[in-house]
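**Q** Listed in order, the protein sequences are those of chains A and B.
Here the first sequence is numbered in the UniProt record's numbering, starting from 1 and rising by one per residue.
Here the second sequence is numbered in the UniProt record's numbering, starting from 1 and rising by one per residue.
Incorrect hints may appear among the rest.
Coverage of chain B stretches by chain A, computed from C-beta distances (three or more under 8 Å per stretch; other residues unrestricted) [as the list claims (entries may be wrong)]:
| id | region |
| --- | --- |
| 1 | 67-81 |
| 2 | 143-155 |
| 3 | 181-191 |
| 4 | 222-230 |
| 5 | 285-297 |
| 6 | 438-449 |
The calculated SDA-like cross-link candidates involving lysine to any residue, where the alpha carbons are at most 25 Å apart (straight line), are [as the list claims (entries may be wrong)]:
| id | chain 1 | residue 1 | chain 2 | residue 2 |
| --- | --- | --- | --- | --- |
| 7 | B | K150 | A | K123 |
| 8 | B | K150 | A | G77 |
| 9 | B | K514 | B | V317 |
| 10 | B | K314 | B | I109 |
| 11 | A | K41 | B | K314 |
Derived from the structure by calculation, the hints contain no laboratory data.
For every residue, glycine included, the Cβ atom is placed at its ideal position computed from N, Cα and C.
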Amino acid sequence: MLKYAVRRIIYMIITLWVIVTATFFLMKLLPGNPFANASAKLPPEALAIIIQQYGLDQPEWKQYLKYVVNITQGDFGVSYQYPTRTVAEVISKSFQASLELGLESLFLAIIVGLTLGTVAALKHNKLGDYSAMFVALVGISIPSFVVGPLLSLYVGVKAGWLPPGLWDGPEHRIMPAIALSFGTIAILARMMRASMLEVSSMDYIKTAKSKGLSTTAVVRNHMVRNAILPVVTILGPIAVNVITGTLVVERIFAVPGLGAQFVESIYSNDYTMITGLTLFYASILVVVMFVTDIVYGLVDPRIRVAGRR
Amino acid sequence: MKFKKFTSTALVLTLAGSLLAACSGNNSGSNASESAGNSSAPASGSASAKPTGPQELVINYRTDPPALDVSIAESSSSFTILGAISEGLYRLDKDLQPQPALAAELPQISPDGLTYTVKLRDGITWADGTPVTAQDFVYSFRRTLDPATKATYAFMVAWIKGGEAVMTAKTPEDVKKAQEALGAKALDEKTLEIKLERPVAFFTSTLAFLNFYPQKQEFVDKWGNEKSGADADKVLGAGPFVLKTWDHGQKLVLEKNPKYWDAANVKLDKVTLNVVKDNATGLNLYDTGAADYTVLDGTQYMQLKDNKELVRKKELVTGYVNFQHTKVPAFKNVKIRQAYTAAIDRQGLVDTVLQGNTAAVGYTPSGNLDGNGQEFRKVAGDLEQPFDAAKAKELLAQGLAEAGLKEMPELTIIGDDNGTGPKVLEFLAGQWEQNLGVKVKTSPMPHANRLELELNKNYEIVSTLWGADYNDPMTWLDMYLTGGSFNTQDWSSAEYDKLVKGAQSDTNLENRAKSLVEAEKILMNEAAVSPLYYRTLNIMVKPKVKGLIQPPYGVEFELKWTSIEE
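Looking at chain A on its own, in the form it has when it is part of the complex (with noise of 0.2 Å):
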């Protein structure tokens, strides 16, 4: 196991170099500077001796060289749109609200999704199981950016139940994370419900229900044990996705999240942030698939063994 650990983790830095290095390459192909608009207005030689000060005119490999080694030592650099704030500073402010608002809402789906795909199996074909797949069929095809308006203007302004946006109580909380929700509800809840009924199939639960024990005792201590395996694999992926923030929900709400830095670095060439977001983005993912195979394995015994020889 720990010479399994000791391999992932080796492989992770890997991966995270090969993305610093394809970004930051990829990057500089991108059109303008990051100082584009006012400073075109500047004489020649001052605007010279800015992009100097940046260091933007030595060689790429240079740039590159000095980039990967400050970043070793967690020096991200500055923002080239913030020019007061590091990196480092606007992506932890950023993420604060875009993890909170992904955990409230991967707890919902989790809940939600779970439940509809449970009932949706015991109620296999019948009228349970077409309106449980229905909600899930609906949250699949609507996307979040027409849910989120429709939420914000008639729960938020018509009915006035909700503030239509902004981050500050509670009450703020509520209206994005049921729309950040929607799809990862939809998501699991097909995928429980599969699991369910391939479960309930089994031998075991056969011999379950020959012994006489009551269908709950039936469903909760050997079906949903059982059939929510796989669903704990796809968790960690999903649970990546939602809290690493999504452009769509907290543009719409007004949430201070990390979703909008990425497309607005891009746009204004904000070198730094850019390179500083996807290794974010990166280190996240590479840890959380890591430590889903690890849980995996503890949970799963078959898992277990297999990791051993």
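On the provided structure of chain A, position chain B as indicated by the hints.
**A** Using the frame of chain A, we list chain B on its own:
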């Protein structure tokens, strides 16, 4: 057992979620309850009798200011906030006239228009209570020009004698030498003298602009170039408000500055600026009463154009088309350019695509002053080729014959790919095809991409924008001097150069204004550039908000004289 594990995981998740909610709730908790308590009267009573109700304003702000540092700020979102928390020698009133602010009176100007001597007002202090001195202004200009500050919006400060020498100095020693030679001096604690490189007719108004605000050296040094202006506690001004909270990407809270010299005339106690980037969300918040001010997009404007709360702000921004002469030699021919301009139904453009904007009749937008106390457009009149499809066709035929060409090659027009950008390109291509029978392909692209191609003159036709940096025709007309960095179409006219350069050093304002009108006549007669529209910003403002000035350039709004009357 496994199910228990699941429930406990779920529990942990819930707990983590609520903990986070609790944490961030705490950060903003007090503010939330304050803004929710709009209906209850605030403790601090306003001195004046007129305003009624709590003097609190909530604004949907479209961009988080990149940096609130006088030297580093380069966009309107920063200028607006800095204008509320600090101040220059002058402040522009609702008629855009400079009123003495940190200065006691209007400047004494030497007869050659080169030396400005300004007496500072007595008793002016920074928000921390220390006095503002003439030296604070000198320090500010020196710092902005120092290449180490990396100020990208410093070209106006470089008008001060010796300014460009500081900007382009190579070593720290050279910078220091050039800074000491700079034509800005504190004659004493209260008297500032500024010497210019050449006369600038509108310089008094320019002294109201952010670039010429003072800075307190001790305070800036404490944070250094890296952190000055980064957070609420790293900003120091001498203006009507102080920055109380700056929650990056989320909101800014301004409160009245009791130490401000004119505090008696500042009515607002508190201004909350929530960062709301989406116009639809902004309008939703406005409709629920969670905002008093929100900016509309074109579609929203069409729905609300008869609403009484709508405010239409004509900005000093012109959208126009440039034709590149070197890549497309046919555009060296005047008649061909005139044909391409006359073939565009500009009124049709603003009626169908750019609803809410104004069709252009010249390059300098309406509302822009002429440097001699009048509005440039009113003095100059309509100078652009009017829309006339038949005449356009005729001009094209003549132009092609003159240039020895059979027909125009198929060209490509580039422009921005956001908002209405692509639709404008489609409209133009349609007009040229329909009215001239020429093919033009459209190529929308990201802003940075378009700007780079434009500045590198690597385009055939470009649809672009220009906004005034200062309220004078020069901000529009000096761009087309031969060899200017924004003269990307490679147009050149000796007569035009003579007129504009003459105006640059002319101290007779009447003559100067006349020269500039003549210059624009040449620009328009030759169709050197093809202006399309003047941009209008459509804003919803609650009727209870009074005295909110919305200048057409520089800052988005001016809060000093605003009050709430319910």
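**Q** Now, for every hint given, state plainly whether the structure supports it.
**A** Right, here's what the structure says about each hint:
no. : hint              : result
1   : 67-81             : holds (count 5)
2   : 143-155           : holds (count 7)
3   : 181-191           : violated (count 0)
4   : 222-230           : holds (count 5)
5   : 285-297           : holds (count 4)
6   : 438-449           : holds (count 4)
7   : K150(B) - K123(A) : 67 Å, violated
8   : K150(B) - G77(A)  : 15 Å, holds
9   : K514(B) - V317(B) : 22 Å, holds
10  : K314(B) - I109(B) : 32 Å, violated
11  : K41(A) - K314(B)  : 24 Å, holds
In terms of the numbered hints stated before, the structure departs from hints 3, 7 and 10, listed from lowest to highest.
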